[in-house]
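Undergrad: Sequence order for the protein chains is P and X.
Just so you know, the first sequence maps onto residues 1 to 401 in the working numbering.
Just so you know, the second sequence maps onto residues 402 to 844 in the working numbering.
Just so you know, the hints here were simulated from the structure itself, not pulled from any lab data.
Treat the hints with care, as some may be off.
[Said to hold, decoys possible] Label-pair restraints from in silico Cβ distances:
# : chain 1 : residue 1 : chain 2 : residue 2 : range
1 : P       : 234       : X       : 605       : 31 to 39 Å
2 : P       : 215       : X       : 673       : 45 to 53 Å
3 : P       : 236       : X       : 761       : 23 to 31 Å
[Said to hold, decoys possible] In silico negatives: residues of chain X with every beta carbon more than 12 Å from chain P:
#  : residue
4  : 403
5  : 480
6  : 481
7  : 484
8  : 568
9  : 570
10 : 729
[To be verified] Capping the alpha-carbon separation at 16 Å, the derived lysine to aspartate or glutamate pairs in EDC-like fashion look like this:
#  : chain 1 : residue 1 : chain 2 : residue 2
11 : P       : 82        : X       : 596
12 : X       : 541       : X       : 491
13 : X       : 657       : P       : 93
Glycine included, C-beta positions come from ideal geometry on N, C-alpha and C.
This is what each chain is made of:
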Amino acid sequence: MSLAEESSVVSVFTEEEEESLNRRYTLWIKEALDELPHNFTITDPFLSGHPIVFASLGFLKMTGYSRAEVIGRNGKFFQGPKTNRRSIMEIREAIREERSVQVSLLNYRKSGSPFWMLFHMIPVFGRDDGKVINFVAVQVPISGRDHHRKLTSVGDDVSSLDHSEFVFGSCRREVCFGNFVQHRALPVECDDDEQGLEDWEYCEASESEKLRAVEAINNVLSVLTRYSELSGRLVCGKRYCLRGVDCLSSSLVISLGRIKQSFVLTNPCIPDMPIIYASDAFLTLTGYKRHEVLGQNCRFLSGVDTDSSVLYEMKECILKGQSCTVQILNYSNRKDKSTFWNLLHISPVRNASGKTAYFVGVQVEASCRNTESKELRPETKQLSVVGAVRVAVRSSFMVTC
Amino acid sequence: MLKIKRVPTVVSNYQKDEAADESVGCGRNCLGACCINGARLPLYACKNLEKSREKIVVSHEAEEPPVAFLESLVLGEWEDRFQRGLFRYDVTACETKVIPGKYGFVAQLNEGRHLKKRPTEFRVDKVLQSFDGSKFNFTKVGQEELLFQFEAGEDGQVQFFPCMPLDPENSFSVVAINVSPIEYGHVLLIPRVLDCLPQRIDHKSLLLAVHMAAEAANPYFRLGYNSLGAFATINHLHFQAYYLAMPFPLERAPTKKMVTTVSGVKISELLNYPVRSLLFEGGSSMQDLSDTVSDACVCLQNDNIPFNILIADCGRQIFVMPQCYAEKQALGEVSPEVLETQVNPAVWEISGHMVLKRKEDYEGASEENAWRLLAEASLSEERFKEVNTLIFEAIGCSDQEEDLEGTIVHLQIPNGGVVNQKSNRIHGGPITNGTTSECIVLQ
C-alpha cells in the first residue's frame, strides 16, 4: 500500500489519544493551541506507539492531511524512502535520551510530494516528577534558496569531483549518472520547482528559519505551561528534579509499548512490590484501567478460589530471584466479571548495573493456547516478551547523561 | 608466516581445545550424520525483499513498529536457552555503561567471557584459508544450541514452520546461540551449515545476512562479520548478531560521499572515526547493495586484507572496515598498554562496543582510551586510499567471485622489495591488484 493510499484510511485514534492533552492541560488547551500560527505537533510518549496527540492547523495545511488522519500516528508517518537515515537516527536518539534536537528533514505530504523542513523538537517535563510528559516538534519549511547548490552535469567523471565538501552543512544535489537518473523513478509527481530535491543530501536552514523555529517552540511551550498551571500539574521545558525511582523513562515506556502481549513490570525494591508498568493488552485481558493497577500489587487479580499454594510458590521464586511458570485462577474486572486461567510466567529482570531492577509477569489466558500451525509456539511467544523486556530495560538504563 | 597467540572465544559448548579428542563417537546430538536423523527445528523463510520492498518501507514509517515476528522468534528461543542454562554466564548480570564523550562508546565489564586458558595460535596473514574439518566447526554444535533454520523465501510473505525436519540433502542455514554472549540475544547466523564453507564472504551468504537484518525490522539488531585475520575465531562461515538499543559510535560518525555506482549504491568514507571505514547504502534494491558490498569484500579477500563488516539500520547501511591490528600485533608494533587490555578489535569493538575483562580497564574506560585502541587497528590514510582504489576498480568490473578453495589468487613479492616497518609498505614494487604488501615480513 503506498503512502497515499494508506492515508485515505479512516482515522483510528483512540480515546486515550484524543483525551491525552485535555487531561494534563484542561479542556481549553486545544483551542489555545489552535490560535498559534506555527506548524507543530505534540506527542505523548506514554501511549503505545508514541503517537501524535495534537497537530496544529499550520501543520495540517503544510502536509495536506486532516486532523483525523494525523492524530494517533507516529511522527515517522511523514518520513519516506528518501528521508535521510542519519537524521532519522538523530531524532530517535533525542527521544531516547529525552533531549532536544534540531535537524533538517525531508518529509512527505499526503499527495506524496516531498518537502524539506527544519525539525526542532523539545521534551516537556513534569515539574514535580521530572517525567517527560510530551515531546513538542516544530516544523519550519526550508526553501534552500540561499544556499550553494552543486549541480553536476551528466557527463562528468565522478572521480574528478572535489571531494572536500562535507555532507553536512551544505545544500547540493546528489551526483547523477545518466544511467542512475533513468533507473530512479520518482514515486509521484512533484512540483516543477521541487524536482530532484528528494536527492539532496542535506538542506541547511537559514539563520532566520532557525530563529523562527526557536520562537515557535517557545510560544507552544508557554501555552502549555500556562494551561498546566490551570490544571495544577505543572510542566516546564527543563527538568527540575531527577526522575523518581519509580518513574520509568519515556524511552523505556516507548520500547515496552512495542510489545503487544499482556505483561506487567513490578518493582521488588519498593514495599509490596507494586506494578509500575502494565501493557495495553494486560488492561484488556483483566478489564482494569491503567490508573487502577499502577502502584498496586498483583494480588488484586486473585480471589476466593485462587490456589494459595501457587501463590506461595510464586513468592518463593521471587525471593530467590528465579523464574517460574504457574497456572493460576484470576478474577477479571471485565463486564462479566469472569474468572480465567492465567498461565503466568514471572522472571527477574536486570538493568545495566547488572542488578535485578524489576520482575516481569507475562499472562497468557489458558483458553487461548490453541495455536495456528503457522505461529510461534505459545511458550516461545511468552518468553519473547521476557526477552524484549530484558533488552529494553538493560538499554534504557545506559542512557548517556 | 605471521601468528599471534590469543585465547579464542568459546561460542559453542562443544568447542574445545584442539588437543582434545574430537573423533569419539557422538551422543552429543550434533549436526553430523551420526545425529541428524529425525532432527527438527523451526524454519523461518523471510519475505522476498524485492516483492515486498515497498511494504517494508511504508509499514515501518507508519508507527513505532511492534515487535516483529523474527524478533519474537529470536528473543523467545534465546530466552528459552537462557533459562535452560546453556550460556556460560548471565550477560545481563554484567555491568555496562555508556562512556561519556562525543560518540558514546559502550563499555562492559565481563570477566567471564574470556577463559583463563592457554592461548591458541592463530595464523593472521591469510584471510583465505581452507576449511579444516578436524578443527571445531558448526557441524559439531549441539542441536540444543540451534534456534531455527533461516532462509530467503520466494514469496512476498513470511512463511513459518514450527517444526521442520533438518534435511542434509537440502542445504539449510541456521541461527545458533553464542554461548559467550556480548549482549542479550547474541546469535550466530551460519549459512548452509553442512556445506562447511570457510570464513569468507560470498554474494549469496551476505545477501542472507542482509535479509535477516531487514526482517528483524529493528535498527538496534545488527549483524557483524569478522574475516580471518580480523579476529574471526572459527574458520566456518558465520555472521553474528545481537540487540543493543542505542546507536553504535560507528553509526554516529559523520560521512563524506565518495562515489555512487551505476546501480545507485552510495559509498562514503567515515570522517573523524578512529578506524578508517567505508559506508555502503542506497542502491535500487537491497540485492544491489548487498552485491556491491560482496564485490568489495571479495576484492579485499583476494588481496589478503583483513576486514570486518557491520550490517546496520535494518540492512540499509553496511559498513566495511579494513584493518591491520593482528599483523601489527604479530610484528610487535602495538603499544603495551593497549595489548594489556587484551581487547581484540573485532567488528563489535570497532563499532564501539568494548567488552573489558579487567575491572581497572572498565573503571578507567574513556573515549580517549577506546579511540587509541581502535586507532591501532586502522589502516593508514595512505593505505586506505590504495585499498579504496582497489575496491572501486573491483566494483566497476567484477563479475565473478574467487573460486579457488583456500588459495590466495595472487601472491607476489617483487624481488628486492624492502619492508618499511613504519608504513608497512613494500617499496620498489608496484601496487597491483593482488600484491600482499601488508603481511609478509622479509628477513
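Undergrad: Indicate, hint by hint, whether the structure satisfies it.
TA: Evaluation of the provided hints:
no.	hint	result
1	234(P) / 605(X): 31 to 39 Å	violated, 59 Å
2	215(P) / 673(X): 45 to 53 Å	violated, 33 Å
3	236(P) / 761(X): 23 to 31 Å	violated, 42 Å
4	403	holds, 34 Å
5	480	violated, 4 Å
6	481	violated, 5 Å
7	484	violated, 6 Å
8	568	holds, 19 Å
9	570	holds, 24 Å
10	729	holds, 28 Å
11	82(P) / 596(X)	violated, 39 Å
12	541(X) / 491(X)	violated, 24 Å
13	657(X) / 93(P)	violated, 21 Å
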